[in-house]
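My request is simple: use the sequences and hints to build the entire structure.
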Amino acid sequence: GIQVEQSPPDLILQEGANSTLRCNFSDSVNNLQWFHQNPWGQLINLFYIPSGTKQNGRLSATTVATERYSLLYISSSQTTDSGVYFCAVDNFGNEKLTFGTGTRLTIIP
Amino acid sequence: DVKVTQSSRYLVKRTGEKVFLECVQDMDHENMFWYRQDPGLGLRLIYFSYDVKMKEKGDIPEGYSVSREKKERFSLILESASTNQTSMYLCASSLSVRDLGADTQYFGPGTRLTVL
Numbered sequence: 025g026i027q028v029e030q031s032p033p034d035l036i037l038q039e040g041a042n043s044t045l046r047c048n049f050s051d052s053v054n055n056l057q058w059f060h061q062n063p064w065g066q067l068i069n070l071f072y073i074p075s076g077t078k079q080n081g082r083l084s085a086t087t088v089a090t091e092r093y094s095l096l097y098i099s100s101s102q103t104t105d106s107g108v109y110f111c112a113v114d115n116f117g118n119e120k121l122t123f124g125t126g127t128r129l130t131i132i133p
Numbered sequence: 043d044v045k046v047t048q049s050s051r052y053l054v055k056r057t058g059e060k061v062f063l064e065c066v067q068d069m070d071h072e073n074m075f076w077y078r079q080d081p082g083l084g085l086r087l088i089y090f091s092y093d094v095k096m097k098e099k100g101d102i103p104e105g106y107s108v109s110r111e112k113k114e115r116f117s118l119i120l121e122s123a124s125t126n127q128t129s130m131y132l133c134a135s136s137l138s139v140r141d142l143g144a145d146t147q148y149f150g151p152g153t154r155l156t157v158l
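Quick note, the sequences are listed as chains S and D, same order. Residues are numbered in the numbering used here as their position in the first sequence, beginning at 1, plus a constant of 24. Residues are numbered in the numbering used here as their position in the second sequence, beginning at 1, plus a constant of 42.
No lab work stands behind these hints: they were computed from the structure. C-beta atoms are modelled at their ideal positions from N, C-alpha and C, and glycine is treated no differently. Treat the hints with care, since some could be wrong.
[Unchecked claim] Simulated restraints, written as ranges between beta carbons of each label pair:
no.: 1; chain 1: D; residue 1: E64; chain 2: S; residue 2: E91; range: 40 to 48 Å
no.: 2; chain 1: S; residue 1: P133; chain 2: D; residue 2: K60; range: 23 to 31 Å
no.: 3; chain 1: D; residue 1: D70; chain 2: S; residue 2: Y72; range: 15 to 23 Å
no.: 4; chain 1: S; residue 1: N42; chain 2: D; residue 2: T146; range: 19 to 27 Å
Here's what the structure looks like:
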């Protein structure tokens, strides 16, 4: 099946810093989503982005489908951004997502 | 807003017990999913369902079964719980948009199951 790798596995930053999270995948995809899991375990969808660039406030994401990677940018980090960020992909068009192992982001005040 | 609810946040069961985890969504979504999350392994799909009474195996279906008798409800069943099924269980739903492509998945708050 498709492989999804995320980097870095852990990231610790001061409040106000910017960060870039990366997701590499091993095959072409129909669907790519970024999720944030907060410290209480709730997963929230951030972006549905199989290709192109999207922005939502301080967050933006870019997927370069031909090169099989996606980037999540977080600007001016806040402590509420802490948690685990997951990338998930579907390459069969059946809406069955394969998740990466996540990047744990810790924002220090 | 889409709301996905799960019957319990925390559950403790004994080895050999039959366990039911319930998930309900209120947005008339066709698709529903059950995942388990374990440290270092991310989320892994157990079962999913495209429609009422329809089910498909995910990546790790062994030891689990599911039931979808109504569109809004998707149940995960552990027929005989074992200690290696101690995990966080997450339910999700999505609107099926087969002609347009996949839709985003919305997750419930999770059930942390401990099997003693």
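Take the C-beta atom of N42 (chain S) and the C-beta atom of T146 (chain D), compute their distance, and say whether it sits inside 19 to 27 Å.
holds (25 Å)
Would you say the C-beta atoms of E64 (chain D) and E91 (chain S) sit inside 40 to 48 Å of each other?
holds (42 Å)
Take the C-beta atom of P133 (chain S) and the C-beta atom of K60 (chain D), compute their distance, and say whether it sits inside 23 to 31 Å.
violated (46 Å)
State, for the Cβ atoms of D70 (chain D) and Y72 (chain S), whether the hinted interval 15 to 23 Å holds or is violated.
With Cβ atoms ~19 Å apart, the hint holds.
The structure fails to meet hint 2 from the earlier list, while all remaining hints are met.
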